[in-house]
Amino acid sequence: MTPKDSLPSGAPSAIRTRVPWSRVALATLGALLVVFIVGPLLRLLFLATPASMGEALRDQELLASIALTLGTATAATLIGALLGVPLAYLLARRSFRGRRFIEAVVELPVVIPHPVAGIALLLFLGRHSAVGGIFAKFGIEFVSHIPGIVAGMLFVSVPILVSGAREAFRSVDPRLERVARTLGDPPATVFRRVTLPLAGRGILAAAVLAWARAVSEFGAIVILTYNPQVASVLIYDRFTTIGLPAAVPAALLLLAVALGVFALVRVLQPAERR
Amino acid sequence: MIRLDGLSVRVGDFLLQDISFEVPSGGYGLLIGPSGSGKTTLLETVAGHVPPVTGRVHLHGEDVTDLAPERRGVGFVYQNYHLFPHLDVRDNIRYGLLRGPLQAAEQLERVRELASLLGIEALLGRSIHGLSGGETQRVALARALAPRPSILLLDEPFAAVDPATRHMLRRELRAIHTHEKVTTLQVTHDFDEALRLGDVVAVLAEGRIAQLGRPDEVFRFPNSAFVARFIGTGTVLRGEVTRQTAGEDSPFSAWFESGPLRFEVVAEREGAAHAVLRPEDLMLSREPLTGSARNRFPAVVNRVERVGPVSYVHVDAGRPLTAAVTTASAAELGLDAGVEVVVTVKATAIHLV
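Respectively, the protein sequence lines represent chains E and R.
Under the working numbering, the residue at position 99 of the first sequence is numbered 99, and the numbers go up by one with no gaps.
Under the working numbering, the residue at position 32 of the second sequence is numbered 1032, and the numbers go up by one with no gaps.
If you are wondering where the hints come from, they were derived from the structure by calculation, not from laboratory data.
Cβ-to-Cβ under 8 angstroms is the rule here; a few derived chain E residues that face chain R:
no., residue
1, Asp173
2, Arg178
3, Gly184
4, Asp185
5, Pro186
Just a sample of chain R residues kept apart from chain E, beta carbon distances all over 10 angstroms, derived:
no., residue
6, Arg1003
7, Gly1133
8, Glu1156
9, Arg1196
10, Leu1212
11, Phe1221
12, Ile1350
Note that beta-carbon positions come from the ideal geometry of N, C-alpha and C, so glycine has one too.
Whole structure, please, built from the sequences with the hints as guidance.
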């Protein structure tokens, strides 16, 4: 029953003079949340004086760490795209036994606490594990090496990529593909000429989001590979060993990267999903 | 030639069953059925997108049931046209030519030829966004026809355009059909379309073909009350047939009684039946007509519906009936709501199903 229904019929004046309390309440709750998100970020941005930014940009260790972060995040995203985009297409277009199960598995990392993911990856990819042993034969070591960073990033970011790409494929009307088939194209050509161009923006947006997730990862990486330090680990390290002032310039630089990515995703996303 | 041989197609939860239907080479066939009767899925089966549960699809004498869509030489136009949103008008039309044997210049020539046939040359450089319904339909048709398919499948091609455009497009479509010599199968829910376009028509009811034939035949002699109602042949009355005189002869003179109305009819069997009264067979007059017609009863005009030169007069004769008269004679007779008239119909004009 809506509040209006509960009014006695024949009391229209009560409706006219009623203060829209529900709207006031909703607006207040919303405003609190917005302040809670924007407030801390603004507080941090106020520290971005020319002096502190100059200090950050002269800090070779910080710059190397950010370069490492961006490079490993890019690698994780490319690997994720290579393995995940075909899977996303299958999930979007084909119905097969176990499809829902695979869909659930791919989403699973979202609910796993990141240090737990780090521990699990450590056990799975460590030099003395079966899988880690195989990689070790090819000279690839995960724990305390760069591949460990990539593995941690991949684990936490790939759900974003697969589900985003899957939705991008689903948004392409299968009838467009059917029309293309009747116009003479075999399925692979239809994929290249119709599906991919139409889903491309959505997939790219998903990849950028996954990349941003990889850049911001801390929990899994800190367990797998503390050194060399990605930016998030470096910030944590300086905060705990030196103190807050030492962590701020690094935090500012990483925030700038994140905001840039955020703007890029907003541009890439189709208008109706913004 | 399109030949469907005992085709069963799964449509959501139900089956289209035992669909057998043939459109001769160069012919124009129509499948009519209510919305949601699986017409689109049936067309997709002919095109090869959906495998049939049972039955075969033959195109030009060849069994193509197991052939991929791209190898069937079929053009397909969906109800909502489905132009490629990432391509402009020219590239949409050209899409099916890129794989073909034509050089780039020849491809563009073919695009121009179709554009001029359909009157859309001015649109070629345009984006497909912002095209009108009629323009979109023409582009979709040109795209389907560009690779010279021998078969054209049309899914309610006029559903999304306004009536005036629909009228024009129908005429163009018939002309294009002749020009391109393409065997066409169209699905529609509009029997009027069948009458204007089709050489052969199949009426779908409850997952099966209820009636198959030339459109004018189906219209004049619907074989069931469903078909008669669905295609809008006329008023369908439910009643009882009884012999006027005992005997075994057939057909025989009989009475058809429906509520307060009693008609003299020519029947082939007794018992429960539906009578189809076509609007053009009901004559209206202010005074009883003289002559041999014996089915004559008083009625009151409810409403006069003018459709150009023809007017449909809805009357109440104890049962609602609809008569068609020329708009001129409707005016001459002074037909208007509340006017008392006499309805006359020949026994031989009442079609029993």
